[in-house]
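Using the sequences and the accompanying hints, generate a full structural model.
As given, the protein sequences belong to chains A and B, one line each in that order. Note that full-length UniProt numbering has the first sequence beginning at 1, numbered continuously upward. Note that full-length UniProt numbering has the second sequence beginning at 1, numbered continuously upward.
Since the hints were derived computationally from the structure, they do not count as laboratory data. Hints are not guaranteed to be accurate.
What the hints assert, rightly or not - Short, incomplete list of chain A residues facing chain B, as computed with Cβ under 7 angstroms: (1) N8; (2) D9; (3) G22; (4) T25; (5) V108.
Claimed, not checked - Reference listing, derived: stretches of chain B covered by chain A, where coverage requires no fewer than 3 residues with Cβ under 8 angstroms from a Cβ of chain A: (6) 4-15; (7) 19-30; (8) 105-112.
Please read all numbers here as calculations on a predicted model, not as lab measurements. Ideal placement from N, C-alpha and C gives every residue a C-beta, glycine not left out.
There are 2 protein chains.
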Amino acid sequence: MAVYTKVNDQTLNAFLATYDVGEATSFKGIAEGVENSNYLLETTKSRFILTLYEKRANPEDLPYFLNMMEHLAGGGIPSPLPIHDKSGKALQTLAGRPACLISFLSGVSVHHPSENQCAALGAMLADMHKVGQSFDESRPNDLSLEGWKELATKTDARADEVKQGLAAEIRAELAALEAAWPTGLPSGTIHADLFPDNVLFTGDTITGVIDFYFGCTDMLAYDIAVCINSWCFDEDHQFLPGHAKRLIEMYDAHRSLTPGEIQALPLLCRGAALRFLLTRLYDWLNPVEGAVVNPKNPLDYLKRLKFHQQIGDAAQYVV
Amino acid sequence: MAVYTKVNDQTLNAFLATYDVGEATSFKGIAEGVENSNYLLETTKSRFILTLYEKRANPEDLPYFLNMMEHLAGGGIPSPLPIHDKSGKALQTLAGRPACLISFLSGVSVHHPSENQCAALGAMLADMHKVGQSFDESRPNDLSLEGWKELATKTDARADEVKQGLAAEIRAELAALEAAWPTGLPSGTIHADLFPDNVLFTGDTITGVIDFYFGCTDMLAYDIAVCINSWCFDEDHQFLPGHAKRLIEMYDAHRSLTPGEIQALPLLCRGAALRFLLTRLYDWLNPVEGAVVNPKNPLDYLKRLKFHQQIGDAAQYVV
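In structure tokens:
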């Protein structure tokens, strides 16, 4: 949540001269995203976000993410639009970092989404998946089974520092998921990290979807599972069935779920819970020196995992 | 350079309901100021900065700072204007912190000010001092002689870790300044920290002056001395006489300097250089755990101090 790379007015003005976006009238570093440096830029013509990709971003993946955003924005999804310079390039180098100027989206992210906001999310997610079907690039999901195994191995020795027995619980869950992980479900371009932080609202209307830097090709229903985990539990980690019902129903109204997807939902939800449990556990055990952001509690997602484990039938999500 | 206190949408909306400023359409934490949490807020009516004052700010001083900004803005200085809620209050409590909503100012701060920008600064500073004359509150300058003595004492034992002989240089300079520090010069409300970071430009026009949290009552010419130190040296810490000349001349054109002020300028410049040398030295020796901002090199101001020590006559600043 900080600006890591400083961009001064001279560097900025030289950069903007290669675009047809007008001249800077305001330029402020914003505390958005944990991994990159972001500036809110206002010019004589419009408003933009300038992102400098810091070392945790793999530069080889950046064209995929930018092309994905551009494809989705072109299909009517309120995703940021990467801006091209006068020579047609979107991905640049600025202050020694890969960088991109993207369109600004208004709206405010919600801390406690309402049922209506979950309904809007479901509709938008289904639309995003439909538009994504014509995106012809692909990227494997680094944080699916193989990635979880790697994180489980890296955290195994110390997981019990966080909670007695956690390492064994993770191993058992990973074995169960590996044995039963669905195949053959409709697949395509997914966001894979669609937390409330990454959706901007004006009232109950979605005005922005941001942070596509986990975007990848995977089962579409996995995105729903991520949303159920992150949108449909309250602060005490209690499941909110009304929220899940509206989310799933509106998704289904915009893109019909197949019987296989519905059946797989509890398992996909377990997988998504394990994914955030593992990444949070890793970050908890390996805090970044000097980081301003406090690592998030991994056990929030152990609670969700246990909830999903006792779901026998997807219908229980929409009671 | 970070947001320390998070404000979620519910807290924000409840807060905004006490104002007549419209509803939030965008809300982003900005990486501005080292000591407070700042958000850029856009509403259906206008744009604002929401500041939450963190623990380094003395809550007792906040009414002074806000009243100073309001007085200056009312007198035509492009200072942020504290916004009053429906009951007339500007200083609030939000998320357990003192907080204030202030008007947004456009413009971009310049890294290497030009001579024309120094001229604009001189004119604005003189106007600010004139408008400040009718501000009827006062606050002592914590970072004048007495404050420097305190910092010198606190850093004395370890100053030589930064540079051999530094502690003795500081002691000698402090003694010299104490013996000769001017009295009886025109005094009033000063900014006291008017670095290029704190001035927003559109081209060569000043559109904003920010960060009044060192504002106090002291000799007006001390503000000029701070500006000479922070605006009139290049990256290699070489004095830029053309910059100083335009700054001083334009100040004088808007508010005539007295002979005593002109004569005292070299000494005031030494004092201002010592002030930033000492605060930077203290921060260098006492880094804040987990801070994202790297402490600034105190020796940049030792170089400036040595430059001012060899100035015999203020006329040398404007050759």
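Hints numbered earlier in the text: which of these fail when held up against the supplied structure?
3
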